[in-house]
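*Asks:* Mind docking chain R on chain W? Use the hints.
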Amino acid sequence: MTLLVALVATTLFIADSMKAEYKQDIQTAPDIVVSAQKALRYKTIDETQAARFLEIDGVSNAIPRVWGEYYFAKGNVRFKIVGLDEFENSTNSTLNRLRDRLSYDTNMMLLSPKVKAILNKNYYKDYFNFILQDGTLLRVNISQKSIAIPSIRDEYLIVMPKELARKIFAYADNEATDIAVSVKNSEEIAFSARKIAALLGNAKISIKDDLIVEYEQMYNYRSGFFLTIFIITFFTFFVIIYDRLSGLNSEQKREIGILKAIGWRVEDVLKTKLYEGLIISLFSYSLGIILAMVYTFIFNGGILKNIFLSSSRLLEHVPLQFHLDYATLALLFLISVPLYICATIIPSWIAATVDADEVMR
Amino acid sequence: MKLITLLLISLQLFAYPQISESIKEKQLYPMGKKIHTKKCPSLTKDSYQTYDALLLDIEQRSICGTLSKKHSEALALYLWDKEKAHSTHYKKITVTKDEKCQVCGMYLHYYPTWVSQINYPNAESYKFDGIKDMMKFYFNNEEGIVDILVQDYYTLETINAREAYYVTGSDVLGPMGNELIAFKDAKSAKTFLLEHNGKHLYRFDALSEKMVRALD
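Read top to bottom, the protein sequences are chains W and R. Residues 21 to 381 in my numbering are what the first sequence spells out, letter by letter. Residues 325 to 540 in my numbering are what the second sequence spells out, letter by letter.
Derived from the structure by calculation, the hints contain no laboratory data. Take these hints with a grain of salt, some might be off.
Some but not every residue of chain R turned toward chain W, in silico, with C-beta under 10 angstroms [stated by the list, open to error]: (1) S344; (2) K362; (3) P365; (4) A398.
Here chain W is said to cover these stretches of chain R; the calculated rule only asks that three of the stretch's residues, wherever they fall, bring their Cβ under 8 angstroms from a Cβ of chain W [to be verified]: (5) 345–351; (6) 472–481; (7) 512–518.
C-beta atoms are modelled at their ideal positions from N, C-alpha and C, and glycine is treated no differently.
Chain W extracted, bound-state conformation:
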């Protein structure tokens, strides 16, 4: 009973934690992200397009962003590089803080702890040589400070001045990865997106609200992963209940018979059985929840987490944030405790109301 609750609880906790973290991440995303396409495939965008977006009344800001990935062969890992302009505001407050910690005069970048570690291992301590598109090397100094633990998706993060990032990605002067558009009035976001679409034709426009909906759909209780686990758990529950309902075994019947013979009334038997059931189920429930919490947050969800994170083992080490969702706890309570109690009381009641003699025979 405990293990069952623990199992279901773990899955739910992991999902909730990731959902909460993703929701937090999404809040920092720009209202609209515009990127160019060629043959429906990603292409860099011309940053002068941002000026056209600014002409739209609803748009309050349009910032060309430069970011991307760099493959570090020796460490077999991909770094995420984000270029920042000293005087531009990102919608992400963490990035704004990092922007202020960068030094723009000296050729320098900020690394996350994992990147620092892996570069260190490969004997790059004070600087690193990026291999550019044309084969030449670009030496960039490594800052003494480092970035605090980033979220699940940004473990291998490097932050540097936009111009350096441009050089590494071999971007031309007016090339950008995408354009982050802010719209002050949320009522006007969808409309502004349509106007941008009308301006650009074949650009890809993604709106923050859509991302939230997409993710909710993936994590809600109807998705395939949950369904599988739920079905297994419920099936087991029902097996237990069925076992109970199909009558008590002879030993328990005797027990009830004896009690009745001594003079216990039906209500007393039921009350005892009820207390018994309550104690067992509440205890299992609590123990199950605690086990699940320990498993999810201290041991980081182990194997079960991989159901949701399809990426490689690289992601195992990022701690899941502690997030308690009362709705989940309530759900777990409702599906375990009342069912178990019913399963124990009903057969006891049947047994208790039958004549004592019959039972003992």
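*Replies:* What follows is chain R alone, placed relative to chain W:
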């Protein structure tokens, strides 16, 4: 001939650029302000006769540190136009969790972009979940009003209601249904009217109780 052309061209090099107001307001001025605050807060345009001279100094003599071309221009524009008429900046209208609309009693914190406010002397003020409700209140309580504040639809800035432009009959509905939508200038009001199928454009003085009630 060639020399003259060259001379004319070089004179144009730093002439005040042709940049639209939107880009200046939304991007260049804020950026220039940031640079000014962070790198050279004491710099002003006072000692410069022309925009060109200011930009030249910023770009070539690095009076504000080394700045890229884009940043230099932003700073120069900000400094040069900084003294442009800065209309009174009203504080942003904020609501707490328990504030309600004075007319209909709805909780305001669910609709922060729609809140409007009327201020009376002695810090007495009332908030509303839309301009329609506010006008209903206004027509019965006109005396002694200090300010009437509404939020511009596109930028959510707090503006003086008496100087604003209003569009009715559009497809954008407020918490009370059909609403008057406020704009800080005629241009954005007209854009909105066209894009969102608005029916009428009014100034504050043209608003009447009958017309406001007709919106219900």
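*Asks:* Hint by hint, where does the structure go against what was stated? Just the numbers, ascending.
*Replies:* Violated hint (a single one): 3; every other hint is consistent with the structure.
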